[in-house]
Amino acid sequence: MRGYETERIRYCIVCSMDPSPEQQGIPLAELWPRLALATNQGLLVQHGTLPDGTPRYQFEFVDSQEVNAYAVEYFGVAMLCMTIPLRTMLWETSDALSYNTMIRKRFGVQTLEHQQMLHVEIFSTVQGFVVGHEYGHHSLGHHCMPR
Amino acid sequence: MTGSFFSDLVNGEGGSIEDQGKEIHSDGLSVYFGIYGVMVGDRRAVANKTFGAATTDELLLSLYIIGVVSFLFLRPPTTFDPSTIETLTHPPSAIRLEFIMRHLKRWCEESRRNLLAFLNATTLSNESTCPHCLRVQERSMGRNKSRSLNSLTMSNELF
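Chains U and L, in that order, give the protein sequences. Take the first sequence: its position 36, counted from the start at 1, is 36 in this note's numbering, and no numbers get skipped. Take the second sequence: its position 94, counted from the start at 1, is 94 in this note's numbering, and no numbers get skipped.
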């Protein structure tokens, strides 16, 4: 990664439920919890909570050595997990794609700010696909046949 | 902890054609949620701010396909042969992509017919006759028929 820990992402509104939709940029370290929070707010609105108040669905970035994503039921909570190595790999891949000449041309990228915005858009898209896939395992009842 | 554990990026042996059908099914649901979000939902407004006047349905479809493909091809392709392909936990990436594109095409047929020409011209080949695709499709269809949730209707219609 090219010094992202100190760069400021210029644009990172994940969805309308993002609690801080300012457009002045935020440190990268704040992006991850905001992404998780926005995803969890959407899941909470859609599925509510268990009788004890625990959300029925919960998304987490989890610490692991493995590049992977998981759907697992944890004491009645449908957990959607993306490991941090997978998140990093997707982030770096999205970054590389946002520098690709053909893709830059397709999306009209001309400035660093545009490139960073495209980077976040690609990442948000692929993260959404992964979360949606794990959500699918839960909502389609795939847990009835343990692997 | 209760329930089973779906591990979704590490592909290997120990799976079955039924497992592969589940993966295709989950991909399909994800596609329907994801493309709706990008084209119609919250992310459209975000994309409008990102890409400005250049934002079109075609551009957003391109964004979606680029994102999904980047996930499928993060890792080297799984090695398989006719004797092991049905023991994989996930279908090979090329087959997942085949079904993802079918889901996208179906969504466009239902909701954005203006994109069909773009989709057909740039991304879709003729319907696959790959034997393994047909086997996975058959398994997905069997499971879908046993479910009655309205939310699954969209995916059911694909097969």
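One should not assume that every hint holds.
[As the list claims (entries may be wrong)] DEER-style ranges, computed between Cβ atoms:
1) L:Ala-117 - U:Leu-50: 25 to 33 angstroms
2) L:Ala-45 - U:Gly-48: 38 to 46 angstroms
3) U:Gln-46 - L:Arg-44: 45 to 53 angstroms
4) U:Gly-48 - L:Asp-81: 27 to 35 angstroms
5) U:Tyr-74 - L:Gly-14: 21 to 29 angstroms
6) L:Asn-120 - U:Arg-106: 15 to 23 angstroms
7) U:Tyr-74 - L:Ser-111: 14 to 22 angstroms
Hints are computed from structural coordinates only; laboratory data are not their basis. Note that the coordinates shown come from a computational prediction; the quantities given were computed from them, not determined experimentally. By construction, the Cβ of each residue, glycine as well, lies at the ideal position given by its N, Cα and C atoms.
Outcome of the hint check:
1. A C-beta distance of roughly 47 angstroms is found between Ala-117 (chain L) and Leu-50 (chain U), which places it outside the suggested range of 25 to 33 angstroms.
2. Distance hint for Ala-45 (chain L) and Gly-48 (chain U): a CB-CB separation of about 25 angstroms, inconsistent with the stated range 38 to 46 angstroms.
3. At roughly 19 angstroms, the beta-carbon separation of Gln-46 (chain U) and Arg-44 (chain L) lies outside the given 45 to 53 angstroms, and the hint is violated.
4. One distance hint, 27 to 35 angstroms for the beta-carbon pair Gly-48 (chain U) and Asp-81 (chain L), is violated here, with the actual separation near 47 angstroms.
5. Taken as a hint, the range 21 to 29 angstroms holds for the pair Tyr-74 (chain U) and Gly-14 (chain L), whose Cβ atoms sit roughly 23 angstroms apart.
6. Under the hint 15 to 23 angstroms, the C-beta atoms of Asn-120 (chain L) and Arg-106 (chain U), about 18 angstroms apart, fit the expected range.
7. Separated by about 35 angstroms at the C-beta atoms, Tyr-74 (chain U) and Ser-111 (chain L) break the suggested range of 14 to 22 angstroms.
The structure is inconsistent with the numbered hints 1, 2, 3, 4 and 7, although it conforms to all the rest.
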